[in-house]
Every structure is written in structure tokens, then in C-alpha cells.
Amino acid sequence: MTVQLYGIPNCDTMKKARTWLDQQGVAYRFHNYKTDGIDEATLRRWVDQVGWEVLLNRAGTTFRKLDEADRQDIDAGKAIRLMQAQPSLIKRPVLDRDGTLTVGFKPERYAEIF
1 MTVQLYGIPN CDTMKKARTW LDQQGVAYRF HNYKTDGIDE ATLRRWVDQV
51 GWEVLLNRAG TTFRKLDEAD RQDIDAGKAI RLMQAQPSLI KRPVLDRDGT
101 LTVGFKPERY AEIF
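In terms of my numbering, the sequence shown opens at residue 1 and continues consecutively.
Among the clues, some could well be false.
As the list claims (entries may be wrong) - Derived DEER-like restraints, expressed as beta-carbon distance ranges:
| no. | residue 1 | residue 2 | range |
| --- | --- | --- | --- |
| 1 | A111 | A59 | 36 to 46 Å |
| 2 | D98 | A69 | 21 to 31 Å |
| 3 | E53 | A85 | 15 to 25 Å |
| 4 | G51 | Q4 | 36 to 46 Å |
| 5 | A69 | I113 | 20 to 30 Å |
| 6 | E68 | E108 | 20 to 30 Å |
| 7 | R81 | K34 | 14 to 24 Å |
| 8 | A69 | K16 | 31 to 41 Å |
| 9 | A111 | I74 | 27 to 37 Å |
| 10 | D98 | E68 | 35 to 45 Å |
What the hints contain is simulated information worked out from the structure, not anything from laboratory work.
It should be emphasised that the depicted structure is a prediction, and the values quoted were computed from it without experimental measurement.
Beta carbons are placed, not taken as given, at the ideal position from N, Cα and C, and that holds for glycine.
Based on the sequences and whatever the hints tell you, model everything.
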């Protein structure tokens, strides 16, 4: 089983997810958006699998700080461009387990997966 966790290290939700995985002994590779970025092909695959509406974090500070024009008329293409330009707009964490994605962290959901 291959597990990759995507996010940023200082996010509280990320810390909870990483702690949970560590406590359960789940081996994973961490992908830090801040240092590693995120490519368009990955974002397109994710959007195809879970939908841009699930992936785009519209509740966070980064989204609220966008220009009004950037916050309006969002479709998949625009969401991908915004998330690639500002990875903090991607809801965290994104857990990729053998190609199956889980967006966000809930201990009970992770318990079901693992």
C-alpha cells in the first residue's frame, strides 16, 4: 500500500492527521505544498476524482483574500489555476492511498480506510 499525504506542515488539521497516522503506525510520504508545489496534472486528476468543489477551500483566509473577480464564476479550470498558484487554497489534507483520495481529516474516516 502506498500512502501520500499532501498539505502544509503548520496547518492544525494536518498536524492532527499526521499524528493519527503516526499513532496507527501507517507509513506515508508527506508532500509539502509550500516547498514542493503541486503540478497541474495532479490537480486535474484530483478534480476528476473528487470534484473541484470538494478540493477548493473556500472557507479559509487565502480564499477570502482573493480579488472579488477570482472568487466569482469558478469552474474546474479556474479552480485548478487558483489552487496551483496558491496551494493554500487546497483543502487539507489530501490523502492519496493507492490512487484513492480522501480530502480533509476525520479520525473515524481514517479508521475506516486503514
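**Report entry** Hints the structure fails to honour
**Finding:** Violated: hints 1, 2, 4, 5 and 6.
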